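S.K.: One letter stands for each residue in the lines below.
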Amino acid sequence: MSTRQATPRFSEREERLLASLTAGGVGTYALIGGLLAVFLWGLVAYATQLRHGLGVTGLRDHVLWGVYIANFVFFIGVSHVGALMSAILRLTGAEWRRPITRMAEAITFASLLMGALMPLVDMGRPDRLLNLVRYGRLQSPVLWDILSITTYLTGSTLFLYVPMIPDLALLRDRYADGPAWRRRLYTFLSLGWQDTPAQRHQLELIMKVMAVIIIPIAVSVHTVVSWIFGMTLRAGWNSTILGPYFVSGALFSGAAAVITAMAAFRWAYRLEDYITEAHFRRMGYLLIALGLAYGYFTFAEYLTPAYKMATAERGYLTAVFSGPFARLFWFTQLTGILLPLLLLTLPRIAWVPRLHRVPLLRPQPALAAAATYAVASVVLSAASPRLTMAGLNLNEWIPPWVLPVVAVWLFLAFLPVFHARPVMAAAVASLLVNFGAWLKRYLIVVPTLLNPFLPIQRAPAGWAVYQPTWVEWSITAGALAGFLLIYIGFSKLFPIVPIWETREAPAPREAADQEGIVGVPAL
Amino acid sequence: MSRHSRFGTVSTCLRGFCLGALALLFVLPTWAGEPARVTLKLAAGPDGAQWITALVTDAEGAPVPEASVVFKLRTAFGWLTLAEQPTDASGQARIRLPAGTWATEVLAESGDVEGVGAILTVGARSPGPPRIRPGPDVLRALSPQPGFISPRPVPELVALLGLVLGGIWATYGYVAWLLRRIHRSEPSQGPKL
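Chains as they are written, first to last, in my numbering: chain A, 8 to 530; chain B, 6 to 198.
What the hints contain is simulated information worked out from the structure, not anything from laboratory work. Just so it is clear, the structure is predicted and the values come from calculations on it, not from any experiment. Some hints could be false.
Unchecked claim - Which chain B residues face chain A? A few, computed with CB under 7 Å, are given here:
{"no.": "1", "residue": "Trp84"}
{"no.": "2", "residue": "Ser155"}
{"no.": "3", "residue": "Leu162"}
{"no.": "4", "residue": "Val163"}
{"no.": "5", "residue": "Leu183"}
{"no.": "6", "residue": "Ser190"}
Yeah, the Cβ is synthetic: ideal placement off N, Cα and C, and Gly gets one too.
Please model the complete structure; the sequences and the hints are all you need to start from.
M.R.: Right under this line is the structure:
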């Protein structure tokens, strides 16, 4: 009793910012339980792979990289923007960054941990990792990649940890309700922080040094990842702009991941006063700029070989543009780049709310049309063999132009909804960007491997195609669940919104909303 | 001659005829100038190229003219067909492997249905020193493939990596030292803010 009275309590503002540590309803535990189940299922799949070898996957002699390496590039890409964005905003003195920097940096940490595991999974025999140390060649981009990821993981962990020290000291001093191990952890990590001028000076110095050095490291990491592909002579990979292309794609998907996290934490812990619409607007501008750059790089990357259509690359380009991967390729460009950009820009147009005056352009009829289309497609697909036997073609019943028409209708009907809810628009756009980013990584890895310069000969028929098996999908789902568990676990242990940094923000909320600067309520 | 002995003679003749016909069935394909064996020979050309000669013979060892011979090269992806050539009057077909082709296997197959073949290992002798030498050769463009593709670490590249990584990790060390100072600093060093 006496101890509790002696311990200083959190202020109301601090308690709101620490909601992620203390709040834990049924929904939270259900989410963690579900993620844990998926993660464990992924472990079961990995145990199956370890026991029976890579034969249980779709990987064969020709496609030796598949879903696992797509996951690797995706996670490394998502990790890109956290530390990089935070460093640039710190150096440029952008005050609005304060509430979101830590959640961005934590994304870097969590995704790097999961991303670094993926090549190990792809190896099939993890014990052979030792060979990289014993026989690794310094002139090989694979070894560069290991060195750069290790360096980046260390740097981004420091970059995440150092600005947390004052908050850890706050938790050490005032987190009386938590278990003893938590206080011991906070005591250990806070490094005896007493908030003296000398300590503050050293902390500021560290942050400046880290902010400067983390930028080239972050850029180099994804460039080196691209060199693993670019340094080989293969169609689709043998490109000079693969480095900047990968970096731009990583920035795009990373910024989208930060927006997704912002929306999730704002919704889950009622942080509307700290993560305001202004933050989503600013991050939306950033996402638009990065998306345009990424779209430009994509166009340049494909136009150059497609214009020449060299014999050696023709198979790969045909497979991507009009062959087996064409649907996936065009779907990825539309939903991963174009649609998010439209979602972030068009709802801002002033006359968009007037669309609802047209009865057909309201969400209800558009949703009804989409549902009818979906049901009809499923029913007709199920009856397709009988229809074919009866001499009827599925395309005669639902012409191919119906799908784009329904999609455009749905988009127009929801534009006014997104106009009224800009946070939702940003969240949906960011989810689409991340989904498209993963598909794009798959398209980078697989079609090239299926179209080698030396034709695939005398291989079993099944080896000339790549079909990921349940083992690969389970491990992929487990990796995603692992990433989310690390991220949620971090938010349960440490304040996801910096307390001391937002306390020092100069502008009140009103000014923030007008000028797009962070709003910190005066308590 | 009794009826019984006459029947036995016919039966013996019939049996002999059947056995003979059966034996002929086995012998005929090879007997009638069909490829029964392929022999491969390797010869070096004056320009460093290597000539592989396939001699196709029948079961009696006679050369088989106008037989089709398919030459294949072993690759990481299976057997890659190099050429298909008919044998000449002496039963020989030849292909040329360009200079630099070594340490691989070449297969020659002949015959349409149940073909025969032979495998020859080309360039099995121990190779000489690598044509691309590491270090200065690579960087001074003296090797036939200039650049950083090298069997051994390129000194300049190692130096560059060491400089970059060393600089970064030294900075981390400096940060760790500053963190240690934070940890060791006494509260009396200044007023609490």
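S.K.: It remains to establish, for every hint, whether it holds in the given structure.
M.R.: Now for the hints, and whether the structure bears them out:
The criterion of a C-beta within 7 Å of any C-beta in chain A is met by Trp84(B), whose closest approach is roughly 5 Å, and the hint holds. Residue-level restraint check for Ser155(B) holds (minimum Cβ-Cβ distance to chain A is 6 Å; threshold 7 Å). Checking Leu162(B) against chain A by beta carbon gives a least distance of about 6 Å; that is within 7 Å, so the hint holds. A distance limit of 7 Å between C-beta atoms decides the matter here; for Val163(B) the minimum to chain A is near 6 Å, and the interface restraint holds.
Interface hint at Leu183(B): satisfied, since its Cβ lies 5 Å from the closest Cβ of chain A, which is below the 7 Å cut-off. The restraint placing Ser190(B) at the interface with chain A holds, with a minimum CB-CB distance near 5 Å, inside the 7 Å limit.
Checked against the numbered hints above, the structure breaks none of them.
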